[in-house]
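Asker: One-letter residues, chain by chain:
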Amino acid sequence: GAGVSQSPSNKVTEKGKDVELRCDPISGHTALYWYRQRLGQGLEFLIYFQGNSAPDKSGLPSDRFSAERTGESVSTLTIQRTQQEDSAVYLCASSSSFLGNTEAFFGQGTRLTVV
Amino acid sequence: SQKIEQNSEALNIQEGKTATLTCNYTNYSPAYLQWYRQDPGRGPVFLLLIRENEKEKRKERLKVTFDTTLKQSLFHITASQPADSATYLCAPWMDSSYKLIFGSGTRLLVRP
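Going down the list, the protein sequences come from chains X and Z. When the letters of the first sequence are read in order and numbered with the numbering used here, they come out as residues 1 to 115. When the letters of the second sequence are read in order and numbered with the numbering used here, they come out as residues 1 to 112.
Next up, chain Z with everything else stripped away, as it sits in the complex (with noise of 0.2 Å):
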């Protein structure tokens, strides 16, 4: 069966440093996978989008990657700031489904 994977354990990082997620998913072959955010109480905001044809995409401090051989996709945020504390979830989508599905989230933590 389809299924979607990221880290279940928070990442706890330095202020400054790069923090990087994971996004593994199998018996997949989405078309476009997109990343959100999500802070306690709300619901998730969308951040970035890469394509099947894309390696990677880039919007400001954000940067994603695309590896549809490994079946992954990464997640940084360079220069890290306490405010990116947040839970951050990945959603592969598929053409053959028309709908979107979620990871469960990995929450990072960035320490000033």
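Extracted from the complex, chain X is given alone in its bound form (with noise of 0.2 Å):
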């Protein structure tokens, strides 16, 4: 597909199960960035990889987050342990480049609902 694509579009879990969490990015597309988005909420940064660099994990909440990105392709969020609070859509982008000056592409999201 031409467009940035997240898998499953929806998950229900129950409260202490792992999950995983899918993003395919735009092909050739160097950045790749994950965000929460709560309900009603804006945009919350978590993790950003460009290209072969050591990944920004700033925005990570907790060590129960964790990331991972092989080379320019798929990126996969893996949330441990999950907490009724981590009940949110996340959001993946990717961009051509890592400069400000490019786009982000988003995907739809997968809403996660933790129960």
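Note that these hints are calculated values from the structure, not bench results.
Straight-line alpha carbon distances no greater than 30 Å define the calculated DSBU-like cross-link-like pairs of lysine-lysine that follow: (1) 57(X) <-> 3(Z); (2) 71(Z) <-> 57(X); (3) 17(Z) <-> 71(Z); (4) 71(Z) <-> 3(Z); (5) 11(X) <-> 99(Z); (6) 17(Z) <-> 55(Z); (7) 55(Z) <-> 3(Z); (8) 17(Z) <-> 59(Z); (9) 57(X) <-> 99(Z).
Since we're looking at a predicted model, the values are computed, not measured.
Each of the two chains sits in its own frame; use the hints to bring them together as a complex.
Answerer: Structural data, given as structure tokens:
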């Protein structure tokens, strides 16, 4: 596909379980971002990948959150021992450059509900 | 600490009027500033980008200004339409951090 693809689109999980969210960026895009958006709130930065450089993990809220990206391809965001406060929409975006003069393309998001 | 502020109250205007949304930032010197639109249940969509050495940028009915002295960007939609109703997000980008951080957004409602 031509756009950023995220899966699953919806995920309901029990408190304490681990979940893995997937993001397929646009082919050739070197920069990849993960954001969290709670209901009615803005986008909260989580992590940023730029090519083969070390990721910027400064936005990860706790050590239960981790993310990986292999080269310039798929990224996975893993949340361990999920809590109800983790319920949110998780958005992924990719960009052709790490510079701010290029637009970011967003996926539709994964809506995570922890019950 | 760095902060991005957008009006959290919804902006409610009549169709045909000009909508003006504000983005203020502190402890930032962004090289670029981007504006996005977000509809309910969807990811944000890029609208416009303005550089620090540009005062104004236009695209169809949209206009963005960038005042690096006031540390403020204004986003205008002229001849607004109900279809313009959405949340609008600003994202100043600073080259020292190499990441895109968003304001919390302002919801615009255009009444027919």
